[in-house]
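Protein chains in written order, with the working numbering: chain G, 2 to 303; chain Y, 2 to 303.
Treat the hints with care, since some could be wrong.
Put simply, identical chains are the same to the list, so a pair is met inside one copy or across any two.
As the list claims (entries may be wrong) - Listed next, the in silico SDA-like pairs over lysine to any residue satisfying Cα-Cα at most 20 Å (straight line): (1) K81 / A280; (2) K263 / R252; (3) K263 / R246; (4) K46 / D105.
Keep in mind that the hints were calculated from the coordinates and are not lab data.
Protein chains: 2
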Amino acid sequence: MFNQLGIIGCGLMGSSFALALKHAGLVARVVGYSKSPSTTDTAKKLGVIDVAAESALQAVAGSDIVLIAVPVGAIEEIFKAIRQLVTPEVLFMDVCSTKRDVVDAARRVLKERVVSFVPAHPVAGRELAGAINADARLYQGSRIILTPLPQTLPELVQKATEAWSAVGAQVLKMTPHDHDAAFAAVSHLPHLLAFACFTSVANQPAGDDYLSLAGPGFRDFTRIAAGDPVVWRDILMSNREEVLRQSQRFRHTLDAMEQVIKSGNVEALGNLIRVAASARANWHMNSNKPGSEREESKLPRA
Amino acid sequence: MFNQLGIIGCGLMGSSFALALKHAGLVARVVGYSKSPSTTDTAKKLGVIDVAAESALQAVAGSDIVLIAVPVGAIEEIFKAIRQLVTPEVLFMDVCSTKRDVVDAARRVLKERVVSFVPAHPVAGRELAGAINADARLYQGSRIILTPLPQTLPELVQKATEAWSAVGAQVLKMTPHDHDAAFAAVSHLPHLLAFACFTSVANQPAGDDYLSLAGPGFRDFTRIAAGDPVVWRDILMSNREEVLRQSQRFRHTLDAMEQVIKSGNVEALGNLIRVAASARANWHMNSNKPGSEREESKLPRA
């Protein structure tokens, strides 16, 4: 399907995509570049990439598919570095969790060459970052959101769809705006709350003692707080308007719950919790991975 | 070890304890009572209990160990119902997630008979409630916090320790006050936040669309929001001072994070997140269940 994949950023997301395409027999050769030479070295030693490039531009040269897998704060600089080799024959994608900022940077830097860029957000990952944790099955059963622009070349959107489908992902299309609004609610807000909750619990005089008593409920609730700090700093900053809007909504709901707790209104508190618990119990994550909901229901809670 | 176990409340916690004691060969006979006759019927049909009692008092009659497994809001009423059969020869325990309220009610109702009561909080459970989900292994690898009073009979504390150890749990002892302060931080606050977050996300015009896009990070973060509504209403109300204190702390941390996001201070946001992520990544849940941390690290995130 592809002759050469160029990866810019040989972290977990980029390396896993390279392995997945290789395992699927869809790419003959992978050229990779990372800002840190030791990351590129690791990726090469692990067989994630075949050739270590010395620059982002060198990873693009000769590639017919390029995945830019860097934190959103670094994307504009990458676009500038590779601009001269962005042509309509090559599919360019990113993996950022926000899309408006990425699309704005692409428009600004790539100008008319933006037609080659298919913005992509794989709803996948794990806390263990780096090439060392690359997993050819990372995207299996996950969802990929593509947010093509009106001028994006349809044949490249088609190629992107085929590539992600081939590695086991389900492809959805949205506008960058709708994407960012939705993920502020279901991903960025929860991360913000998890970072704040873990910090708040840990940073009190008896914090360590408390943490030593925490059970599986706390473990799962705060799991996302172990995400890559640079990635999440950039996501929260990049999508800050939507994130702050969702945080404001959340505060109103928390206010209402605290108010009924303070007033001792057992019935009202019961109603609020019943509605939340029933909605959560009836919600099931969309996934084409068989058994993923069964796994969840087996998990114990605190 | 015991001749007869009396269970008051044949839900998940009580039924699982009965099954676990039976499987360990530590009890000859189980008598169970539930407010709802259909729950008692289910427990009997599933072999969780051998005899269905028609009142809480009847479940105590002839038992040498009694587990009161009802929501904390119902505990005082149960103490009143069984008071006359509370004697120093019988071990009485509860399973409530708050301990000060329970201990206060025990003192108030049982008076000098409170010596027979060993307050217990098993840090275990799951979202699937009811006798139908009873699991003899529910307590394996979990922690049980006992909060005995100065006057609690030491031989009953010893018996309680042996019973919980026999079903695979690790027993810890704390004061009711320290217990409630700690669990407000690592359990009650996260539940409050999870209820509020799920409600806030779901209750917006595009809520259903957003929920359809949520990934495994959101699933795990909100898992505890599917907890039993009556149980959690009672816990949050019972421990409201500590819960509100923790919520106040949390809000200060959230304020600080929002402030740096609003001000566009990328470096400060990065520092806050790095500290949180590093602390969470280095935190490992205490558990005597082999492999429980390995399971966690395999979970994908959104």
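Cross-check of the supplied hints:
With identical chains, the CA atoms of K81 and A280 are never at most 20 Å apart, being 46 Å at best within one copy and 35 Å at best between copies. For a Cα distance limit of 20 Å, the shortest separation of K263 from R252 qualifies both inside one copy, at 16 Å, and across copies, at 16 Å. Proximity of K263 to R246 under the C-alpha cut-off of 20 Å is restricted to the inter-copy arrangement: shortest distance 11 Å between copies versus 26 Å within a copy. Proximity of K46 to D105 under the C-alpha cut-off of 20 Å is found in neither arrangement, the shortest distances being 36 Å within a copy and 63 Å between copies.
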